[in-house]
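**Student:** Assemble the whole structure, with the sequences as input and the hints as a guide.
There are 2 protein chains.
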Amino acid sequence: MTYCLGIKTHFGLVMAADSLTNAGVDYVSKVQKLFDFSRPGERVILISNAGNLSMTQNVLTLVRRDIKNQAENDIYDLPTMFEVAQYLGKRVRDVADQNRNWMQQDKIDFSCSFLLGGQIKGEAPELYMIYSQGNFLRATKETPYLQIGEIKYGKPILDRTISYETQLDDAAKCALLSLDSTMKSNISVGPPINMVMYETDSLEIVHQVKFFDADPYLNKIRQSWEQSVKQAFQQLPSPDWQRVDTREQEDNWLSPSNIIPD
Amino acid sequence: MTYCLGIKTHFGLVMAADSLTNAGVDYVSKVQKLFDFSRPGERVILISNAGNLSMTQNVLTLVRRDIKNQAENDIYDLPTMFEVAQYLGKRVRDVADQNRNWMQQDKIDFSCSFLLGGQIKGEAPELYMIYSQGNFLRATKETPYLQIGEIKYGKPILDRTISYETQLDDAAKCALLSLDSTMKSNISVGPPINMVMYETDSLEIVHQVKFFDADPYLNKIRQSWEQSVKQAFQQLPSPDWQRVDTREQEDNWLSPSNIIPD
Chain A
1 MTYCLGIKTH FGLVMAADSL TNAGVDYVSK VQKLFDFSRP GERVILISNA GNLSMTQNVL
61 TLVRRDIKNQ AENDIYDLPT MFEVAQYLGK RVRDVADQNR NWMQQDKIDF SCSFLLGGQI
121 KGEAPELYMI YSQGNFLRAT KETPYLQIGE IKYGKPILDR TISYETQLDD AAKCALLSLD
181 STMKSNISVG PPINMVMYET DSLEIVHQVK FFDADPYLNK IRQSWEQSVK QAFQQLPSPD
241 WQRVDTREQE DNWLSPSNII PD
Chain B
1 MTYCLGIKTH FGLVMAADSL TNAGVDYVSK VQKLFDFSRP GERVILISNA GNLSMTQNVL
61 TLVRRDIKNQ AENDIYDLPT MFEVAQYLGK RVRDVADQNR NWMQQDKIDF SCSFLLGGQI
121 KGEAPELYMI YSQGNFLRAT KETPYLQIGE IKYGKPILDR TISYETQLDD AAKCALLSLD
181 STMKSNISVG PPINMVMYET DSLEIVHQVK FFDADPYLNK IRQSWEQSVK QAFQQLPSPD
241 WQRVDTREQE DNWLSPSNII PD
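Note that the protein sequences, when read in sequence, are chains A and B. Every letter in the first sequence is one number past the one before it in the UniProt record's numbering, and letter 123, counting from 1, is 123. Every letter in the second sequence is one number past the one before it in the UniProt record's numbering, and letter 104, counting from 1, is 104.
Because the hints were derived from the structure by calculation, they are not lab data. Some hints here could point you the wrong way.
Copies of the same chain look alike in the list, so a pair counts if it works inside one copy or between any two.
EDC-like cross-link-like pairs, simulated, lysine to aspartate or glutamate; straight-line CA separation at most 16 angstroms [stated by the list, open to error]:
1. 230 x 169
2. 141 x 226
3. 30 x 170
4. 210 x 240
5. 230 x 159
Quick caveat: nothing in here was measured; it's all calculated off a predicted structure.
**Tutor:** Set out below in structure tokens:
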């Protein structure tokens, strides 16, 4: 399984990804899922991937081959992030075309997805999510983050804390906690964790970090977080319990008696 | 969709459930999913349900009919919670037997699940989860909570805070936050929220509460929680960013250059 997320705020981008991949529970490996295709000073392009590894690796290989061959319209030629997203979607479709029928006839899940974040000089930073079908959507001010893979466990912390006005440092901490929540609940998501923080208009990546298993910083923020969460509980008011006598079944909303069928 | 959870600690039980049900996004209704079948002083039995509503309603109707008919081995006759769980599993199988083939041929999801919490005089409190197939498992000291329905959004808060030694009041607040996280991320889970807190050996339900939409208490704990979460962020140390010059692509772990294929 995989969990990758991207956050786009007024101040820039944060992208983070785990590194586990598995085919069944008895074949688990580590594989990098966040890649930097930047050309400092001119464009920053970050790509992360989730889903079928044979599909995502093929897509990224085609992207790299286009770069190597200086193909027309490789990701360094395209003038906008929108067109880079279109290009990536096209490459996803190319790989799907080659494999889909073979995989479908054996009911193998060929789905894959990508996050594409970055900035091209002259444009604002952008964050896109590209689907298995090659279509894509864009992070907005209202929903400034996008996730791929095992997305549910790590979503509540994002919903409660991230807005377009969030400082980048806070967004990065939130991304780590979102990954940490996911790793705690799903053992098929795990370290190393790769994370990049990009400041709007800097046009180069200077903040990146890789956390290995049992990283002291990860342990520290997990402990600090769990302590804060427990303290926060103490501050919450208790609910106003209704002290209903369950012996008076008729007045008790929980009672099943009034819907016993004839 | 549905989200129900049960927590069993040293001090008793907490059970909570939302009340939305839907067939597609264009047919959403409210339906109670947590029921109290207690006989105060003798046994406390709480049941919540998730999954196909026609299945869960049928199961509970059979349970109530057995009570009404004073059938042999209704839930008031059975001597242990283990046997109540077996009985409920048997009723799930009865309803599945009647409907499974008809539903399967049209690919309708007939799955359903139940949480069963309570205490019978002379026994310790128990918490069980009953599957669509009628088999069941039991909450333990190591994993003192069980969930059914849309379980992922609300799991991290449980994993970070609940242990077998958690006070009941804290477990109840945590259950509400777990529900609140789920409602925030999945609009097909929603109020009214029913919640019951049961103290070990009291053998009656005296703490129960029902929260309707826009309940002031729910708003208050949501606000208080989000404020605490934001404060907690401020206290987290920043990661130790590696200031890698991405222009030196060879030394950069993010670089895709070293795996560009020939």
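**Student:** Okay, which hints does this one fail, numbers in order?
**Tutor:** Hints 2 and 3 are the ones this structure does not satisfy, whereas the remaining hints hold.
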